[in-house]
Structure formats: structure tokens, C-alpha cells
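Trainee: Please work from the sequences and hints to get the whole structure.
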Amino acid sequence: MSERLTTAAFAALAAFWLWLALAAAPAGPFTVDDFFYIVSARRIWQGAWPVFDNGFADLGAEELKLWFLVEGPRGLTPQYPLGFALLAAPFDALLGLRGFFVVNALGALAMVWGCWRLALGTLGDRRWAFAAAATLALASHLVEYATGLWPHGASAGAAAVSAALFFEAEAREGRARARGAALAGLIGAVGLSMRLDVGLLAPALLLWAVLCARAPLALLAWGALGAAPVLALSSWANFQRFGTLNPVSYGVGREGGVDPAAHMGPALAVLSALGAATLWRALRARGAAPGKAMAAALGVLAAAGLGAALAAPHALWAALARAAQGAHAILIDIGAYSRADEEARIMRDAAGYLTFVGHYKKALLQGAPWIGLCAAALPSLAAPGAERRGVALCLLALATWAAPFVWLEWHGGLASNMRYLTPALAFAAVAAAVGARRLARIAGRPEPRALRLTAAAVLGATAASMAFGLASGAAAAPYAMLSLSRQAGLAAAAFGAAALAPLGASARRVAARAALGAAAVGVVAGAVTAHLYDLRMSFARREAAVQLAALHSDLPDDALLLTFHPQSFADRFLRHGQLYNLRRTTRDALDLDRRPIDRAFDEGRRVFADELFWTYVLSLQPGLRARPTGPETQPGFGMVEVFRDAPAKDGARAAEGR
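Using the numbering used here, the letters of the sequence shown map in sequence onto residues 187 to 844.
Zero decoy hints are in this set.
Taking CB as the label site, the calculated pair distances span:
1. Arg-627 / Ala-494: 37 to 43 angstroms
2. Leu-457 / Leu-496: 17 to 23 angstroms
3. Phe-425 / Ser-805: 39 to 45 angstroms
4. Trp-253 / Arg-627: 50 to 56 angstroms
Simulated from the structure, these hints should not be mistaken for laboratory data.
We put the beta carbon where it would ideally sit given N, CA and C, even for glycine.
Mentor: Quick look at the structure:
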């Protein structure tokens, strides 16, 4: 594949995603998280710290924290890192909310470029590198975050580019290696300043450097040096906001998934793997044969596992069972999720499929079934040169990224897909391309023809899905696609493993063709699911947020809003700070701090609440009543005005607002 054609394909992808960001996507937020990025970016553009005074300092009502505002030395501030808000601020000032979309579109393009570079370095073949990048771009849920507001697209792009540059730096010498590793560290740290889960790339690069790099200490040292300035700035920013020099703090103690105690299982696994890798490296440096060194390292790991089994057998088996359960639910089939009864917003529909606030959830394999081809890449770990190093990096990154979410069995909350695993898709695409090339050689089919046919099918499925989705304006429940995707992914993995088994040539050929056929079905299914369901669901929710803001734009400036949807009222919060939300679960409706509400009434200000807030919370509060103010944009998005009954006087009760 020529360089001109590759450039044209990237330009077409950029045009498509920028069209979505600048024209097709509703210019509204998707979730409450978006609210905090919006207000942070706009406060930064005003030349101030994102610190807000909404009455919390006087009243101390937890509900004024709006879920993700935390106390700091300067006042209430969002818990999230500031990197994305800082990057998006000028785009937001120029384009409004679409500026955030543009930043994510550019970040997602960088992710596809990083995937392409890593695949090219691993495979040494432009056609297969292009296949990996195209699969990531068109047949995964990346498109949703390429046109979204929260920073998954931008941070995933930083992670992919960082990994690709680090991989390329290892093959260089002298100053070129130092520059490449330092730049990789710098970009990785920028990603970390946008989303803390980018830090999951660090253990993968550390393990990979120990196992595969010729000069691991120099490579890691230059990478750390490149990351240092951004980490120092993040530490300073967190000190100003939270009073801590920790660059990865949410300022909330053990909340936000940053409590080390919650991740002891994955941490111990990484430390054990690092110890074994270090031992292997030391034995190789002393002249031991690769096989003997590996046997010794694995023997130490086995001995450690046996010791743990003897010392605490119940704890070990419980940990293994927990990891297996999490892997099944998060990676293969979300229907196996075991904690649905514990979460108020997650439900099973009549067909048994899992939904979160109406969004049908998908495990990683259900959203990107072609990942099953990664199983066929395992033999490349014994291959010489760049292919072995590239596959090792991809599989390590997949493992370290998935580990905490598998361990916690965390599905990512409000999303139709595994949004936290978005950066892992780039590494999965490279490993899948390696597996596909290996299987194509076994199958005996001409590689260019197979790639062209699959590409045509994916482009056709993407175009048809987009046309139907934009025309219908809604997405149906993806029952058939969820089942088909899971089966296609598992079939690709199973047949791929069979094709690599010590079978006869004819049997291996049949298995390889079956694996490639299942993977092709999975690629098309991934494209359809991403563009027909995930993207449409995102657009529908964002359109509702736009309508909600427009419908209630004429509310009095000094009114208090009680809302589950603060993202629709970011500008109002910046002007007046009069928003109120629950910090506790909606089931604790009676455990409500009414002081901000009563103060508003005492000061003669009006109080409004969205329908959900009234239905689940305020209706259980004595002395309060409500009256609808207008039509609903969609169920749950209506607004009511709240009134407080006057105290009884002379046996009669006066009514306010009548």
C-alpha cells in the first residue's frame, strides 16, 4: 500500500470525524462528568483556577458538591485532572462545546496513527498496518469518543502515540533513542494529565523494557525524564487545588478508583511479573540460554504461587475466582456481570440483556469481536526481531489495562461500551493484525484480496449504519448484534488456536479459514454496532441535554436548580453557582440536606427541580409540592417548580405560589 493512499485514508477519516464533531453531533454534553470539564475549561480561559463558590462554604451541604466537586484549600474544585480542560479551553472559546469534540477527534486520529506506527514497526508490512488502523477506526467504539466531550479520545490518543514512540525508540541508537523515549514519556504524561488511567501504560512499558529492550535502564530513564516536567506541573496544580503534591490525586482520599488498596490483586500480579522478568534478564546477562532463563523465572513464579496456596489457600482461590468472573463479564460477555442487583441504575431487560440508564452494555469482545484474533498472535512471542517485541508490548498493555477493571468487575458506568478500555483497543488491533496475517498464511488465501474484501464490507457496513442511524434518529436494542458479536469473537479465537495446533495441514487450513471468516463477521459487526447503536445512543442523549438547556433557559437568574443533569446548566453554574444535586444514592431520599432549599425560599428565590429529582427525592420530603413548568424533552427530562407549604396558622394552611 502506497504512502499516498495511506495519507488519503487518514485525510478521509479526519474529514469524517471532524464532520461529526463540527456538524452532525448534537452540541450538547453526554453525562454529568462533562459538566466538570466544561466549567473547568471556561474558568481557566477566564484566567482563574477552576474553584467555585456556590454556598457550600457557608452551609456545608454535601449536595452542593454536585457529585464530583471536592473541597480544597481554595474552595470547591472538580476532582478531575486539568490537562484536558487546559487543552480544550481555546477550542471551547472559539467553537463552544464543539471545541471539545474537535480536541477528541484529533486525539482519536492520533490514536489511529499510533496504532498504525506500532503495527508497521511490528509487522513491517504497510498493508497489514493499514488493516490494523482501519479496524480500530471503523470497527470499534472509538468513533463515539472521537466525537465526545469527556477526554477518552484525547487521552487514548496520547497513550497510543506514547507507546508507539517508545517502541520505535528502542530500535534506535544514541541520541535518537534518547529523544524518542523522552518524547514518549512527555506525551504519556500529557495523557495522564487528562485521565489518570493512562498511568496503566507505565507498568506495561516497564515490563516490556525489562523483557525486550537492549538497554532498558537508559530507555526507562529517558522516558521518565521526558515525563518529569508534566508530572511536576500536575503536582503543582494538585497542590493548588487539593493541597497535595501527588500528580495522580483526585483529592478525595479513597474515591475515584485511585485507592491503592482496591487494586492489590493486580498490583501483586504486576510486581510478581516484574520480579520474574528481572530474574530472566539477569540470567540472560550472565550467559544463560533463553529457554533455561525463562524456565527459572517461571519456576520462581510457580514457587511463589505454591507458597501462597499453602499459606492462604482460601484467599488465593477466592482471588482467582474473582479474576475469572471479572474477565468473563468485562472482556467476553457483560451478561455474566454478577453485581447487577447491587446497582440502582443497572437492570436486565425482558430478554436478559444488561442496561445502564437505558444504554445496552457490552463487554470488550461484544463491541469489538475481531479481538478474538489476538489468540493467533501468541506464537509470535517466539518469533525473532520486531514481531516478538511488538506483540509482547501489545499483550502486556492489554493485560495491564484490563487488570484493574477485571479485578473490580467495573463496567464503566454510563456508556454503551467498555469506555475505560478504549486505549487498549489500539494494542488489540495490532495483535489482531499479527494473528490475521499468520492465519492468512496458513489458510493459503491471497492476502491482498482478503484485505480488500474485508475493507469493502466494513466501509459498506459503516456507511449503511450511519445513513440508517441518521435517518431514523434512534437505535434499536442490539439483541442480535450482541449475540452475533460474542459468538464471532469466540469462534475467531477458537478456530485461530486450532489452526496453530499440531494438526494436519488440511485441518489447519480449514481452521484458519474459519477463524478469518469469523473475524471478518466480527469486524463488520463491530462497525455496525459502533455506528448504528453506540453513536446514535450518544447523539440522542446529547440532543436531549441541548433541548433541556434551551427549554429552561428563561428560568430566573437567582433560582435554585435541583437537578440530576447539571451538564445542561454549566453556563448558569458559572454565572450564579445555584445548582444542587445528590451526593448520596437516590434511594436515600429522606437523608437530604434541605438547608440550601430553605435558604432559597427564605430569600424569596424560586426553586426548580428536574422531574427525576422530584420523582425520586423531593416528593418524599414533607412540606414540599411541585407544579410542571413545561413539556418534557424525553421521559425524565422535564422540569417542575417546587413550592414550600407555609406553616399552619389559625387552623388553616396557607399555600405559596397559588
